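K.L.:
For reference, the chains in residue letters:
Number of protein chains: 2
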Amino acid sequence: MTATTLKVDLALVHYPVNNKNRETIISAVTNLDLHDMARAGRTFGVDNLFIVTPNSEQHKLVGEILDHWSTGHGGKVNPDRKEALSIISIKDDLAGVYEAATKKWGERPKVLATGARFQGEGVQSYELVREQIFAGQPVLILFGTAWGLAPEVMEMVDGFLPPISGQMEYNHLSVRSAASIILDRLLGKR
Amino acid sequence: MTATTLKVDLALVHYPVNNKNRETIISAVTNLDLHDMARAGRTFGVDNLFIVTPNSEQHKLVGEILDHWSTGHGGKVNPDRKEALSIISIKDDLAGVYEAATKKWGERPKVLATGARFQGEGVQSYELVREQIFAGQPVLILFGTAWGLAPEVMEMVDGFLPPISGQMEYNHLSVRSAASIILDRLLGKR
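Quick note, the sequences are listed as chains A and B, same order. Mapping of the first sequence onto the working numbering: residues 1 to 190, in sequence order. Mapping of the second sequence onto the working numbering: residues 1001 to 1190, in sequence order.
Everything labelled a hint here was simulated from the structure, so no lab data went into it. All figures in this text were calculated on a predicted structure; none of them were measured in a lab. Idealized CB from N, CA, C, for every residue including glycine. Just so you know, not all the hints are guaranteed correct.
Claimed, not checked - Per the computed footprint, the stretches of chain B lying under chain A, defined by three or more beta-carbons under 8 Å from a beta-carbon of chain A, are:
#	stretch
1	1028–1038
2	1041–1048
3	1053–1067
4	1146–1156
Could you build the full structure based on these sequences and the hints that come with them?
P.N.:
Pasting the structure below:
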């Protein structure tokens, strides 16, 4: 199976996510999340990186960043970056992401949430999901910003990916780091 | 073997590195490199993240960032971040890094360079290096900023880690992403 048949999308969720006090908020888009996750996504063969926020000002901001790199100066001086950012698509909400991915693949993708604390029922191993991806299964992986995906997101997913950790108790990776590692585990060349 | 016996350090090198035209330059320190690599380092049990630059203004900048998180406001509102950034140490050059690591471990660490294009002689597999680390071998891993470590660095290392890639030809990870993936491969819980 060649790389072109991989059917993997990512969604970087800015709503609904938790703040430090476990309240549901809309987080702000971070420029470098877009760059790092698009570069990692493109490197590992991700089809779309969906940026999810209902805030119209944030849509405008993301649009300006993408314009700079697609038709503006950025893309001329750094065509590799232009290619990476071309996988980004902006959506108002997760329903819009599910709809776009379902339409694209001709079937609803398997939706997996990521987080630093998942365990027990519903957690699926990286090996299993990797096998499913390479067998042609469409998969959509959700990443939360701020203090992570809000509980209501979990009710709409098909499962969870195990937390990433080392041998330490400390576990506070940036979403950029976590996404990179998860892509390597699921799609990296071995 | 417990996590406390891991002897792994990282060096984020801002000189000597290449620019786009393969000239040797001093690159500027990026605030988010420090945060992301320190968080990943702390999560995976890295002892020190050495920030290498000969530029005294950049030393001052890094010092101010660290102060904000160690004794300033940042550490009060986000103690996890304070803990992560505590692994950072600033050095003028790689000679100073080798000296500090050798003194700390009582022997010269195995020094491995990372990059997107290594192949052939001197490349050591992640499995092999992981085994050596868990057997107690001190290891220092060098990461280049800008367009990567300058050729003169390669003459001082004991080997190279294989490039990280997916199934695609495109391979333009940020140093933050590459470092996170490499730490997971060498030190991640399985």
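K.L.:
Compare the structure with each hint and give your call.
P.N.:
Each hint, compared with the structure:
1. 1028–1038: Answer holds; 3 residues pass the 8 Å Cβ test.
2. 1041–1048: Holds: 4 residues of the stretch 1041–1048 of chain B have a Cβ under 8 Å from chain A.
3. 1053–1067: violated (count 0)
4. 1146–1156: With 0 residues close enough to chain A, the hint is violated.
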